[in-house]
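A.B. asks: Residue numbers (the working numbering), protein chains in the order written: chain A, 1 to 175; chain B, 1001 to 1175; chain C, 2001 to 2175.
Derived from the structure by calculation, the hints contain no laboratory data. Be aware that a few hints might be false.
[As the list claims (entries may be wrong)] If you only want the chain B side, here are some residues facing chain A, beta carbon under 7 Å, derived:
1) His1029
2) Phe1031
3) Leu1032
4) Ile1039
5) Gln1043
6) Phe1046
7) Ala1048
8) Glu1052
9) Pro1079
10) Leu1082
11) Val1106
12) Leu1172
13) Leu1173
[Said to hold, decoys possible] Dumping the calculated SDA-like pairs for lysine to any residue here, alpha-carbon to alpha-carbon at most 25 Å:
14) Lys1050(B) with Phe46(A)
15) Lys1130(B) with Arg1151(B)
16) Lys110(A) with Val1106(B)
17) Lys1050(B) with Phe153(A)
Beta carbons are placed, not taken as given, at the ideal position from N, Cα and C, and that holds for glycine.
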Amino acid sequence: RVAPPRNSYGVLCLAFSTISVMLSVVVEHIFLLVIVTLISVLQNAFFATKVEREGKEHNNKTAFERVSCANRNCMDSYPTFLAVMWCAGLCLNQAPAAFAGIIYLVARQKYFVGYMGQTSQSTPGYLFGKRVLAFLILMCIVGIFNYLLVRYFGSDYKDTMEMITNAASALLLIP
Amino acid sequence: RVAPPRNSYGVLCLAFSTISVMLSVVVEHIFLLVIVTLISVLQNAFFATKVEREGKEHNNKTAFERVSCANRNCMDSYPTFLAVMWCAGLCLNQAPAAFAGIIYLVARQKYFVGYMGQTSQSTPGYLFGKRVLAFLILMCIVGIFNYLLVRYFGSDYKDTMEMITNAASALLLIP
Amino acid sequence: RVAPPRNSYGVLCLAFSTISVMLSVVVEHIFLLVIVTLISVLQNAFFATKVEREGKEHNNKTAFERVSCANRNCMDSYPTFLAVMWCAGLCLNQAPAAFAGIIYLVARQKYFVGYMGQTSQSTPGYLFGKRVLAFLILMCIVGIFNYLLVRYFGSDYKDTMEMITNAASALLLIP
Chain A
1 RVAPPRNSYG VLCLAFSTIS VMLSVVVEHI FLLVIVTLIS VLQNAFFATK VEREGKEHNN
61 KTAFERVSCA NRNCMDSYPT FLAVMWCAGL CLNQAPAAFA GIIYLVARQK YFVGYMGQTS
121 QSTPGYLFGK RVLAFLILMC IVGIFNYLLV RYFGSDYKDT MEMITNAASA LLLIP
Chain B
1001 RVAPPRNSYG VLCLAFSTIS VMLSVVVEHI FLLVIVTLIS VLQNAFFATK VEREGKEHNN
1061 KTAFERVSCA NRNCMDSYPT FLAVMWCAGL CLNQAPAAFA GIIYLVARQK YFVGYMGQTS
1121 QSTPGYLFGK RVLAFLILMC IVGIFNYLLV RYFGSDYKDT MEMITNAASA LLLIP
Chain C
2001 RVAPPRNSYG VLCLAFSTIS VMLSVVVEHI FLLVIVTLIS VLQNAFFATK VEREGKEHNN
2061 KTAFERVSCA NRNCMDSYPT FLAVMWCAGL CLNQAPAAFA GIIYLVARQK YFVGYMGQTS
2121 QSTPGYLFGK RVLAFLILMC IVGIFNYLLV RYFGSDYKDT MEMITNAASA LLLIP
C-alpha cells in the first residue's frame, strides 16, 4: 500500500532528474561540434577582416576582387558544411564529425590563402573539400540507415559503425 | 528495508536507459529532416558542379554569368530555408516540414534549370518558393503558440495541430 | 514477488513519460531562439523583396547595385550569426542569446538602411554587429568551459554563469 505513492514520487523525482541529466547530455553530445563551429566562425571573421582591409585600400583592384571572390566561394559552401557536419554528428557520433570538420577548415584555409596568392590564370577551382563533405554525407547516411535497421529489425550496429567511422576518419589525413 | 537500494539502483538504471532512449528519440524525431538536408546538400553539389564546369570552359561568358547568378540566388536563400525547416520540424512535427522541404527543393531545381535555359530578358525573379517558406514559418508560429498555450493554460492542442498541418501540407502540391 | 513486474512497468511508463517530457523540454529550451530565427527570416524576406523590386525597375543601376551589395553582405554573415546564436543558446542559456540576436537584427536593419541611403563614397564597411557576435562567441566558450569543469571537477558554476551573462547582455544596449 506504500508502493504507489513512493512510485509516483519517484516518477516526479525522475522527471526532474531526467531534465537535468538531459541538458548535460545535450551539451555532452554536441560540445565538440560547438567547438569546431566556433573555430569556423573565427575563420570566417578572419576572412571578412581580410576582405574589409583590401576593400579600404582601393589601390589594388585585382587583389580586392580576388580576395572577395575567395571569400564568396568559402561563404557559399559554409551553410552546406555546417548542415552536413551537425547532421553527421547528431546521427552517428560527434568525434569523427568534428575531426572531419577540422580537416575541412584546414582545406578551406589552404584554399583561401592559395586563392589570394595566385595569379588569375591558375586560380583554384570553385569547389574544395569535396572528400571531407562526401565523408560527412556518408556518415549521415550510415547513421540513418542504422536507425532504420534498429527500428525495423531490432539489431543495433551503432557501436560497430562508430568504430568503423572513427577508423575511417583517420584516412582523411592522407592527401 | 530493501526498497531504497532497489529504488536508487532503479534511478541509476533509468538514468542510463533514459540516455540511450533519448539518443534514439533524438534521431527518431529528426531523421526525415536529416534526409531532406542531405538531398539539399546533394543538390547544392550539383549546382556547384554546373558552375565549375561552365567556369572552366571560358568560351561562353553569358552562360557562366547566368549559371553563377542562379547558383548565388539559390545559395542566398539556402540558410533561411534550412533554419525555417528545422525550426518547423522541431517545434511541431517533422513529417510535414520534411514534405514542404522536398517541395521547396523541387521548386529550386525548376528555378535553377529555368534560369540557365532562358534568355536574359525573361529571367525568373530573385525569389522563389515563397509559398513553401510561408507555410514553414506558419508551422513554427503554430508550434510556439501551442507550446505557450500548453504552458500557461494546460490544454494540449498539439495532436489537432499536427493533423491540420499534415492535411495542409498536401495543399502545397496545388501549383 | 510483485516488485519486479511493477518496476519493469514503471520503466516502460517512465520511458514514455520521458519522451513526452523531453519533447516539451526541447521546445521549452529553444522557443526564444526559434522566435528570433523567425524574425531574422522575415527580415531576410524584407531584404530580398527590396532587391527584387529594385531589380525590376531597371532604370536605377547604382541603386540596384547598392541594395544588392547590402543584401549580399547581410546574407554572407547570416549563417555565421545563426550558428553562433544557436550554439550559445544551447550551451548556456537561451534568454541572453536571444536578446543578443535581437540586438544583432537591429544592427543589421540599421546597416541595410544606411547602405541603401548613402552615397558610394561613404558606404558602411563590410562587417557589422561585431560586438554582438563576440559576445555570443564568449557565451559559447563559457558554456563549454563550464561543461568541462563540471565533468572533470564536479562543481557546477552554470547558475553563476547564467546570472553573469544575463547581466552582461544588458551591457550590449550601450552603443
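A.B. asks: It remains to establish, for every hint, whether it holds in the given structure.
C.D. replies: Hint by hint, here is what the structure shows:
Given hint, His1029(B) at the interface with chain A, is violated; its Cβ is 11 Å from that chain's nearest Cβ, farther than 7 Å. Hint status for Phe1031(B) relative to chain A: holds, with the closest Cβ pair at about 5 Å, below 7 Å. For Leu1032(B), the shortest C-beta to C-beta distance to chain A is roughly 9 Å, which exceeds 7 Å, and the interface hint is violated. A least Cβ separation of about 10 Å between Ile1039(B) and chain A goes past the 7 Å threshold, and the interface hint is therefore violated.
Nearest Cβ of chain A to the Cβ of Gln1043(B): about 10 Å, over the 7 Å cut. The hint is violated. Evaluation of the Phe1046(B) hint against chain A yields a violated restraint, the C-beta minimum of about 12 Å exceeding 7 Å. Satisfaction of the interface hint for Ala1048(B) is found here, the shortest Cβ-Cβ separation to chain A being roughly 5 Å, below the 7 Å cut-off. Proximity of Glu1052(B) to chain A holds as hinted, the smallest CB-CB distance being about 4 Å (cut-off 7 Å).
The interface hint given for Pro1079(B) is met, as the beta carbon of that residue sits about 4 Å from the closest beta carbon of chain A, less than 7 Å. Residue-level restraint check for Leu1082(B) holds (minimum Cβ-Cβ distance to chain A is 6 Å; threshold 7 Å). Evaluation of the Val1106(B) hint against chain A yields a violated restraint, the C-beta minimum of about 19 Å exceeding 7 Å. Because the smallest distance between the Cβ of Leu1172(B) and any Cβ of chain A comes to about 22 Å, over 7 Å, the interface hint for this residue is violated.
Annotation: interface hint on Leu1173(B) violated; nearest CB of chain A at approximately 25 Å, more than 7 Å. Restraint check: the Cα-Cα separation between Lys1050(B) and Phe46(A) comes to about 29 Å, which exceeds 25 Å; the hinted pair is violated. Simply put, Lys1130(B) and Arg1151(B) have alpha-carbon atoms about 32 Å apart, too far for the 25 Å limit, and the pair is violated. With a C-alpha separation of about 35 Å, the suggested pairing of Lys110(A) with Val1106(B) is violated against the 25 Å cut-off.
Proposed proximity of Lys1050(B) and Phe153(A) is contradicted: the alpha carbons are some 40 Å apart, above 25 Å.
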